[in-house]
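Participant: The primary structure of each chain is shown beneath.
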Amino acid sequence: MVQLIQIIVVLFAIFAISMAFLRFRDRKIKFSGLVLWAGVWAAAIVVILLPGTSFFFANILGIQRGADFVVYISIIVLFYLMFRLYVKIDNVEKNVTKLVREVAIDRERKRK
Amino acid sequence: MNIYIVIAAYNEEKSIISVIKSLKKEGYHNIIVVDDGSRDKTYELCKKEKIHILRHVINRGQGAALKTGMDFALLSGAEIIVTFDADGQHRADEIKRLTELVRKGEVDVALGSRFLDSKTKVPFFKRIMLKGAIIFTWAFSGIKLTDTHNGFRAFSRNAAEKIQITEDRFEHASEIIDEIAKKRIRFKEVPVTIVYSKYARAKGQSIFNSLRIAFKLILGKLAR
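Quick note, the sequences are listed as chains A and B, same order.
Take any residue in the first sequence, count from 1 to its spot, add 8: that is its number in my numbering.
Take any residue in the second sequence, count from 1 to its spot, add 993: that is its number in my numbering.
Do not take every clue at face value.
Claimed, not checked - Simulated restraints on C-beta separations:
| # | chain 1 | residue 1 | chain 2 | residue 2 | range |
| --- | --- | --- | --- | --- | --- |
| 1 | B | Asn-995 | A | Lys-36 | 49 to 57 Å |
| 2 | A | Asp-114 | B | Lys-1119 | 33 to 41 Å |
| 3 | A | Lys-96 | B | Lys-1097 | 41 to 49 Å |
If you're looking for bench data, these hints aren't it; they were derived computationally from the structure.
In this text, a Cβ means the ideal position worked out from N, Cα and C, and glycines have one as well.
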């Protein structure tokens, strides 16, 4: 019996994979990025259609339920991505400052 | 000696002109104001004065603005750089005393301290926050000061070239101390007076911001 949630997740995953593909075609992300995101969503499809797979991995790690395993992994991945974003934004901020500084100094030197 | 005064200003239209005038009255004519993307008339007002006025088109924070001003001072051939607040809480007639040891070449950095004499009446709550900051700085940089987060400082050219300010916002105050410790720059604290006008008090650091700064510094140390 197919549950409604399974249909939603599968449709969304297909949508996400197609988005990743389009972005790759437009050269907005690299091939490695396409593989990563396609992989993540493909894994989501597998896990939602065959709940046994998540249970299999959960068992190996000593986690009772398959759903718990999925939640734990998701949180770890999310935290990691957040950290990467944090570092990236910090770099962007510093670069903005450098630009703003250059413009400020340049303009004053030209004014004189 | 070629002394440059660097002022970071963010929305300071009410006080900036009188600060500039007080500096000129004391004979300091190399004044660099960095307008940090103010939304008021700070920039327009400063443009009418005979000073260097640099403008950040986007607000980047006090640390970033000071670095911009210091970079410009170095490019202009400054031998001594004094950082001065835009809100009128520092006194222009104390620059002479602050820079004295730097002029003599005895130290490379002179840090203003409001706790070295009893002239400054520090409000109770502010005092507690500052003491916390002092202990914090001590623990992190290994330098024991009587006052941190005092924006009244004098740098020799040599020191200004060595000290790297990378923190854009208020964390730069601790960063400067950190740099002094790391690069073993000769420094000394010099007593200065802080004028706690109603205006300056309203613009001071909130306790939440202080905690945010502490948190960011700890994160920064861990990431290094």
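Participant: Each hint should be assessed against the structure and marked as holding or not.
Facilitator: Against the structure, the hints:
About 51 Å separates the C-beta atoms of Asn-995 of chain B and Lys-36 of chain A, a value consistent with the hinted range of 49 to 57 Å. Remark: the range hint 33 to 41 Å for Asp-114 of chain A to Lys-1119 of chain B is upheld by a beta-carbon distance near 39 Å. A C-beta distance of roughly 47 Å is found between Lys-96 of chain A and Lys-1097 of chain B, which places it inside the suggested range of 41 to 49 Å.
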